[in-house]
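Trainee: The residues making up each chain are set out below.
2 protein chains.
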Amino acid sequence: MVDEAINKAQGKSFTVHAPGTVANMVCGFDVLGLALNDPYDIMTIKLIEEPTVVIHNIDSYDLPTEPERNVTGVALLEMIAQLDNKTGFDITIEKRIKPGSGVGSSAASSAGAVVAANHLLGNIFKNDDLVQMAMFGEKLASGVKHADNIAPCIIGGVTLIRSIMPLDIISVPSPPLYVTVVHPQIEVRTEDARQILKKQILLKDAIRQWGNIAGLVAGLMKSDYKLISRSLEDVLIEPVRSILIPAFAEVKAKSLEAGALGGGISGSGPSIFMLSKNEAAAFAVENAMQEVYTKTGIDYHTYVTTINTQGVKVVE
Amino acid sequence: MVDEAINKAQGKSFTVHAPGTVANMVCGFDVLGLALNDPYDIMTIKLIEEPTVVIHNIDSYDLPTEPERNVTGVALLEMIAQLDNKTGFDITIEKRIKPGSGVGSSAASSAGAVVAANHLLGNIFKNDDLVQMAMFGEKLASGVKHADNIAPCIIGGVTLIRSIMPLDIISVPSPPLYVTVVHPQIEVRTEDARQILKKQILLKDAIRQWGNIAGLVAGLMKSDYKLISRSLEDVLIEPVRSILIPAFAEVKAKSLEAGALGGGISGSGPSIFMLSKNEAAAFAVENAMQEVYTKTGIDYHTYVTTINTQGVKVVE
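Read top to bottom, the protein sequences are chains Z and W. Numbering-wise (the numbering used here), the first sequence opens with residue 1 and increments by one. Numbering-wise (the numbering used here), the second sequence opens with residue 1 and increments by one.
Do not take every clue at face value.
Claimed, not checked - Here chain W is said to cover these stretches of chain Z; the calculated rule only asks that three of the stretch's residues, wherever they fall, bring their Cβ under 8 Å from a Cβ of chain W:
| no. | region |
| --- | --- |
| 1 | 155-167 |
| 2 | 198-208 |
| 3 | 221-234 |
What the hints assert, rightly or not - Below, a sample of chain Z positions facing chain W; criterion: calculated Cβ distance under 10 Å:
| no. | residue |
| --- | --- |
| 4 | F29 |
| 5 | D30 |
| 6 | I170 |
| 7 | V172 |
| 8 | G211 |
| 9 | N212 |
| 10 | A214 |
| 11 | G215 |
| 12 | L216 |
Said to hold, decoys possible - If you want a taste of the chain W side facing chain Z, the calculated C-beta under 7 Å gives, among others:
| no. | residue |
| --- | --- |
| 13 | D30 |
| 14 | V31 |
| 15 | R162 |
| 16 | S163 |
| 17 | L167 |
| 18 | I169 |
| 19 | P176 |
| 20 | Q200 |
| 21 | A206 |
| 22 | Q209 |
| 23 | W210 |
| 24 | I213 |
| 25 | A214 |
| 26 | G215 |
| 27 | V217 |
| 28 | A218 |
Because the hints were derived from the structure by calculation, they are not lab data. Predicted, not measured: the structure shown is a model, and the values here were computed from it. Here a beta-carbon is modelled for each residue, glycine too, at the ideal position from N, C-alpha and C.
Start from the sequences and build out the full structure, keeping to the hints where you can.
Mentor: As structure tokens, then:
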């Protein structure tokens with residue numbers, strides 16, 4: 001089957017769009033994520049004979065091209081191993097999701113690559129396999145195999161990773177939601193953001209948190225925006241991590257005043273995301289974010305987008 | 001409004017059935033509960049002039065009749081205070097849910113009473129008010145105000161208590177489920193079962209737990225029995241509390257072998273509950289439970305029931 005798939009893929013080439021993602025979704029640390037319609041990376045893949053990965057970066061981020069040091073590279077090397085080293089890949093990457101911004105840049109690089117490669121091979125791997133391969137990229141990027149960006153990037157929408165071992169990925173139906181993001185141009189390393197978390201927490205705080213994640217899932221599945229709003233509360237991670245993000249409390253307060261349902265740190269930051277029920281609120285939230293960040297003097301970038309329900313998209 | 005309600009209620013009497021409940025539902029410690037069609041308490045209420053509670057027990061449990069020492073009493077005393085002491089209640093209680101069995105006996109006593117009294121008064125209180133009043137009973141019974149038995153007892157079905165302060169109760173739609181219960185005739189005091197829990201837990205265990213509760217809510221709302229089954233896992237409370245329940249591990253293992261979707265300790269025990277997709281599995285689980293407990297030499301009682309979707313029912 002592998003040989004046939006490789007034969008059929010000879011001479012072909014496909015381009016995919018791999019979306020940014022918001023991990024954690026406030027109360028779902030390490031288990032929830034959602035895919036964004038913007039930004040996305042563009043990747044074009046084709047086979048090569050040698051069982052390795054040749055990477056061409058056509059953006060300005062100067063990421064490593066040695067496959068072992070590149071998140072796309074390690075994910076594809078894992079796929080190549082599973083293909084018994086019978087082929088290799090040549091991939092051209094235009095990153096549009098800024099590395100380190102907190103909206104799943106590394107996940108898009110690894111997830112986009114394995115989905116593109118799988119498409120080239122006639123989809124011989126299942127989504128769960130692709131998630132497993134792409135997690136090698138997350139391991140390289142942050143030291144930990146986690147799927148809360150990978151899974152929504154691949155399958156789209158709001159995604160629950162109930163368990164990593166064994167892998168158990170669940171799509172959570174969601175009503176339409178607008179997402180407003182502010183990305184302050186500072187660096188927060190995922191590894192650092194992980195290390196400042198306490199390894200022990202209070203049971204009573206954990207109870208509050210699992211009440212909220214249960215409320216959020218119920219709210220999304222009932223299209224109950226008020227319940228979604230009430231459930232977007234994080235008593236455990238946000239109080240610790242938000243100290244790494246300038247003006248976090250003010251951005252959050254002003255965004256809620258402007259009509260956001262709620263929000264918080266996107267992944268491990270520094271981006272902050274807010275969910276809104278409609279476009280007008282989402283743009284009012286963007287204005288509020290801009291007002292706060294303009295005062296800080298820190299460079300920043302804001303955008304308004306919606307939930308990507310499809311995941312990585314093959315465009316040609 | 002209060003005066004009018006009291007006037008209209010003079011000379012009337014109502015009887016209610018207040019159902020047993022399963023709190024926690026394995027991965028939803030302190031926040032999830034479900035109502036059972038069996039067993040239930042039977043309570044008949046009427047007004048009296050003096051602002052107090054007169055309790056008639058017509059069962060064999062010899063519970064206190066002084067209202068301040070009785071869970072029904074304290075819940076109704078709270079309602080009387082909110083009625084500006086303009087009336088009192090006479091209530092006759094036939095408890096069929098054995099106190100201390102772990103299926104919400106105290107919650108049925110307090111929740112049934114306030115629902116019955118409210119019905120008598122033309123439903124002047126909202127469900128949230130009734131939950132607040134009934135929680136005085138839970139405080140008396142276990143030292144802690146919790147609503148994970150009260151809320152499902154009052155509104156029926158599977159219920160999420162996202163938050164106690166402020167009170168936020170959410171109905172979680174569920175597919176049909178059969179519930180098999182074994183009640184070993186030993187005493188586990190709720191207070192003791194609470195005290196053996198660790199106040200500090202590992203973040204990684206909490207993450208596993210909130211992945212499971214999110215999975216359980218999604219599974220119930222999607223009618224995905226396999227997902228429900230996978231999510232019925234408790235890495236935090238069960239390992240500690242199950243040591244108080246003889247043969248717990250064996251009951252669980254044999255129940256799963258017999259076809260249960262999953263289950264665990266009902267509330268703080270000693271009852272063990274198992275959920276099944278169909279009646280045949282539920283009775284096979286009952287057999288398995290009986291086999292295990294017969295060997296232990298401990299007296300026990302088993303029953304098979306279904307989810308009560310209505311909550312406390314006014315029968316006449």
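Trainee: Now tell me if each hint is right for this structure.
Mentor: Verification of the hints:
1. Figure legend: the region 155-167 of chain Z, annotated as covered by chain W; annotation consistent (4 residues with Cβ-Cβ distances under 8 Å, at least 3 required).
2. Counting residues of the region 198-208 of chain Z whose C-beta lies closer than 8 Å to any C-beta of chain W gives 10; at least three are required, and the coverage claim holds.
3. Counting residues of the region 221-234 of chain Z whose CB falls under 8 Å from any CB of chain W gives 5; the rule of at least 3 is met.
4. The criterion of a C-beta within 10 Å of any C-beta in chain W is met by F29 (chain Z), whose closest approach is roughly 6 Å, and the hint holds.
5. The closest approach between the C-beta of D30 (chain Z) and any C-beta of chain W is roughly 5 Å, which is under the 10 Å cut-off, so the hint is satisfied.
6. A cut of 10 Å between beta carbons decides the hint on I170 (chain Z): the least distance to chain W is about 5 Å, and the hint holds.
7. Because the beta carbon of V172 (chain Z) sits about 6 Å from the nearest beta carbon in chain W, less than 10 Å, this interface hint is met.
8. Of the supplied interface hints, the one on G211 (chain Z) holds, with its beta-carbon coming within about 4 Å of a beta-carbon of chain W, less than 10 Å.
9. For N212 (chain Z), the interface hint holds, the least distance from its beta-carbon to any beta-carbon of chain W being 6 Å, beneath 10 Å.
10. The beta carbon of A214 (chain Z) comes within 5 Å of a beta carbon in chain W, closer than 10 Å, and the hint placing it at the interface holds.
11. Below 10 Å, beta-carbon pairs count as interface contacts, and G215 (chain Z) has one with chain W at about 4 Å; its hint therefore holds.
12. Interface restraint check for L216 (chain Z): the shortest CB-CB distance to chain W comes to about 8 Å, inside 10 Å, so the restraint holds.
13. Below 7 Å, beta-carbon pairs count as interface contacts, and D30 (chain W) has one with chain Z at about 5 Å; its hint therefore holds.
14. Checking V31 (chain W) against chain Z by beta carbon gives a least distance of about 4 Å; that is within 7 Å, so the hint holds.
15. A hinted interface residue such as R162 (chain W) counts as satisfied when its beta carbon comes closer than 7 Å to some beta carbon of chain Z; here the least separation is about 4 Å, so the hint holds.
16. Hint status for S163 (chain W): holds, given a least beta-carbon distance of 6 Å to chain Z, under 7 Å.
17. The beta carbon of L167 (chain W) is not positioned within 7 Å of any beta carbon in chain Z (closest approach about 11 Å), and the interface hint is therefore violated.
18. This hint is violated: I169 (chain W) has a C-beta 10 Å from the nearest C-beta of chain Z, more than the 7 Å allowed.
19. Against a cut-off of 7 Å between C-beta atoms, the interface hint on P176 (chain W) is violated, since the closest Cβ of chain Z lies about 18 Å away.
20. Of the supplied interface hints, the one on Q200 (chain W) holds, with its beta-carbon coming within about 5 Å of a beta-carbon of chain Z, less than 7 Å.
21. Here the hint on A206 (chain W) is kept, as its CB sits about 4 Å from the closest CB of chain Z, short of 7 Å.
22. With its C-beta approaching chain Z no nearer than about 6 Å, Q209 (chain W) sits inside the 7 Å limit, and its interface hint holds.
23. Checking W210 (chain W) against chain Z by beta carbon gives a least distance of about 4 Å; that is within 7 Å, so the hint holds.
24. Against a cut-off of 7 Å between C-beta atoms, the interface hint on I213 (chain W) holds, since the closest Cβ of chain Z lies about 5 Å away.
25. A cut of 7 Å between beta carbons decides the hint on A214 (chain W): the least distance to chain Z is about 5 Å, and the hint holds.
26. Because the beta carbon of G215 (chain W) sits about 4 Å from the nearest beta carbon in chain Z, less than 7 Å, this interface hint is met.
27. Nearest Cβ of chain Z to the Cβ of V217 (chain W): about 5 Å, under the 7 Å cut. The hint holds.
28. A distance limit of 7 Å between C-beta atoms decides the matter here; for A218 (chain W) the minimum to chain Z is near 5 Å, and the interface restraint holds.
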